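Using the sequences and the hints, build the whole thing.
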Amino acid sequence: MNYLGRGHLCSTTGLSLCICCAFAILLVGCRTTTTVDEYRVASTTIATHEAIVVLGRRHDMDKDTEHDFIQCVGRSLSTSASHLHVIPEADFVDALYPWFEVSTAPMDVANLDRLVQNPAIAAKFEELKIRYFVWIDGFTETTDSAGSITCVIGPGGGGCLGFKSWDDEANYEASIWDLKDASVAGKINTETAGTSFVPAVIIPIPLLARVKATACNAMSDQLLSFIVGGT
Amino acid sequence: MSLRTAIVILYKTNIVVLAALVAGCSQSLTLQVDSAVPAALMQTLPLTVAVYYDDALRNHSFTEDSKERKNWAISTGPSQVAMFDQVLASTFTNVLPITQLPNANAPTAADLVVVPTIQEMQFGTPEETFFDFYEAWIRYDISMLDPHGAPLDNWEIVTYGKANQKRFSSRSSGLNDAIALALRDAGAKLSTGIHKQPVVRRLLNEQR
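Taken in order, these protein sequences are the chains called A and B.
Using this note's numbering, the final residue of the first sequence is 231, and nothing's skipped along the way.
Using this note's numbering, the final residue of the second sequence is 1208, and nothing's skipped along the way.
Simulated from the structure, these hints should not be mistaken for lab results.
From a predicted model like this one, the values you see are computed outputs, not experimental measurements.
Incorrect hints may appear among the rest.
Below, in silico cross-link-like pairs of lysine-lysine (DSSO-like), each with a Cα-Cα straight-line distance of 27 Å or less [stated by the list, open to error]: (1) Lys-187(A) x Lys-63(A); (2) Lys-1070(B) x Lys-1196(B); (3) Lys-164(A) x Lys-1166(B); (4) Lys-212(A) x Lys-1166(B); (5) Lys-63(A) x Lys-1196(B).
Pasting the structure below:
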């Protein structure tokens, strides 16, 4: 009886250990990896009354920079310890309509400088106290997927069985323009990759790699360090 | 409740659910475009412009009944008029809406008459293009007439709007977003390009 009991305990512990190990492996697999590159051209500084605007590039025929990514970066910068004043993209684009639409937005600093020659635009920039433009170009995409999950439902109940995984990659490049000097202050590039898993034994359990959120955090942290850090 | 009644209720409920699912998957589309174009940040041009919208523009509706686009009806008229009103009002010093085209006997007290018309409208959906976005193209013809209604020039504007496909959102919502962006593009091209038109340049030179 004791033997049987011990054996049962051992097998239960073994199974639990196996499940724990499997989850640990999956969780490790869910981790995202991020590479951040920074290229600084000029030193930066920002006064408390000055503002930043974070904008997404959407001129390619391919995928656009996601609005939620731009909002995430803007929110992270404004809620950081430095409390940067970030003008929301939609508010800025509406206030400056029609100069920052897909077909009219300046593609380089020289064109921005030309825009500032327009007194109406210059007055609006002055009113909004804009110091830096951050243009973000890129997107998150699923690059590979494997496996499948089958679910069945019947009078006695239902369940799923299978395993699915996919790889996400997020590549974003931010170009920081200094409006005061009409120059490019620098560029930041982030590359984030991660694999998500959904094992399903009766119930599917999604173990998701938060690739876009990680890319947003990496980009925001680096932008903050770039703009506030200074040199 | 008897077993028979319960079975009948269950049967009817299933039919309703099935009908709702079929309706959700149906190809038909009825859309009243909802968009807002902001005022243009411009140095207003010192001209008085009369604007005339014909019934085709005021009541513009894109309709198609094909195998792929069964009973499509997309109404854009009110959004078109609102966009032109907003953009022209912020581009020129004075804008006079007119309900009849001027003629030699009944000229208008404006420097220029602007008559926008829609020549063509096209759409692309993810189901058709296999891209992750909805697309809309609109081709306008902007006729410019003198105060007596004589044609002076025509200007063609082609505008484009692209809206990412959102998870759990409908086709109507995606197309509405794409059309709204095409209307914004129309307003942007109109307000930033009209002063470059030879007729407008000539009138501005005469003002100086």
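Checklist entry - Against which earlier hints does the structure fall short, listed by number upward? => result Those not satisfied are hints 2, 5.
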